[in-house]
Amino acid sequence: MKVVLRNPRREVEVAGNRRVKDVLRDLAILPETVLVIRDDELVTADQHVADDDTIELRPVMSGGSS
Amino acid sequence: MKCRKCGDTAVLELRRHNAAFCAPDFLEFFRNQVREAIRKYRMFTSDEPILVAVSGGKDSLALWDVLIGEGYRTTGLYLDLGIFDYSVESRAKCEAFAAAHGVPLLVRRVEEEVGAPVPVIKSVTRRPPCSGCGLSKRYLMNRVALDEGLPVVATGHNLDDEAATLFGSVMHWQMDALPRQSPALPSTHPKLVRRVKPLYRLSERETAAYAFLRKIDYIVEECPFAVGATSIAHKETLNRLEDASPGAKHNFLFGFLEKARPAFERAEAVELHECARCGQVTTGTLCAFCKLADQVKRSI
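In order, the protein sequence lines correspond to chains A and B. With positions in the first sequence counted from 1, the corresponding number in the working numbering is that position plus 1. With positions in the second sequence counted from 1, the corresponding number in the working numbering is that position plus 111.
Hints are computed from structural coordinates only; laboratory data are not their basis. Where is the CB? At the ideal position from N, CA and C, for every residue including glycine. One or more hints might be untrue.
With the Cβ distance kept under 10 Å, some of the chain B side facing chain A (calculated, not the full set) [to be verified]:
id	residue
1	D119
2	V122
3	G168
4	D272
5	E333
6	A337
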């Protein structure tokens, strides 16, 4: 399956047919730090993703002083 | 995973609340949290016009969206920091949002106000870029609100921002910063407007989810100068704690606000004066903004 990462935007291929939380763990990404988007919808960490799925992991952290 | 309220498929899990929500119920949860923040800290009344500081990011545009939806009279303020393509794109997002919602947007350019854009201020002051940027933003937000006759400025600071700021202040025991950290800072001088943070009860993942579900077109790219910022390192540390112990950030911030903050209040109030140059409020003779502008002027 394809995973789209941001900042900078890039794509990586990882194994599918497992739960979102397993994909995140493989990529060493904390669930608290991203939105998981598939087909323009948010999905929770317990959902399964198929081998032909594409998911975007959109970072939620903004920083600096304000 | 099922929505806690209606049992439909959930789109977002909130581990710190031991809950998950479908899209409509999450949006209502989000609005309720903002309503509770406004009520608890008496941030503003339904009659008061509000200046909403917007950056083009998820937090400030989500805040603006909620306040418009709740029927408040709002004016947006975008401060153009002059940070290359990032500023061009973020300004366009704010202008598009304002046009789509039929709400007024004021734009001020830091280059015009200080004498140079943030990248030049950074090199002139040799301080972290966020330092001069934050100083300029706080000053200009207050001054524009005064000029426009608006009694309150609302910013999009979320729970993660507030927890990270608190963490930084505690790490260095900044005794002057701790009592100032609050979701609502009252006006303590005729030339200081009230400052409020209606999103302080919501994590940045929640504000991102709100913006996504409301189809708000916000800038996902990070400010290029935020890379390596201390506040980011603090957020990462807190996120690791949160992963191990859901609710850690909430407990850290809310525990401070409810139990610890009063202990850091100063016995005697700080004496405020008007800056000899610009007339804005300062504790000295010349305000920090005018000193910064002088420094920039000398160097370019």
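| field | Minimum beta-carbon distance criterion (10 Å), D272/B to chain A | value | 7 Å, holds
| message | Next item in the hint list is D119/B. Is there a CB on chain A closer than 10 Å to its CB? | response | 12 Å, violated
| said: Just to be careful: measuring from the Cβ of G168/B to every Cβ in chain A, is the smallest value less than 10 Å? | reply: G168/B check passes; min Cβ-Cβ to chain A is 5 Å, inside 10 Å.
| message | Hint A337/B vs chain A: min CB-CB distance below 10 Å? | response | 4 Å, holds
| query | For the hint on V122/B, does the least C-beta distance to chain A fall short of 10 Å? | reply | Holds, about 4 Å.
| Any CB of chain A closer than 10 Å to the CB of E333/B? | Cβ of E333/B sits 5 Å from chain A, so the hint holds.
Violated hint: 1 only; the structure is consistent with all others.
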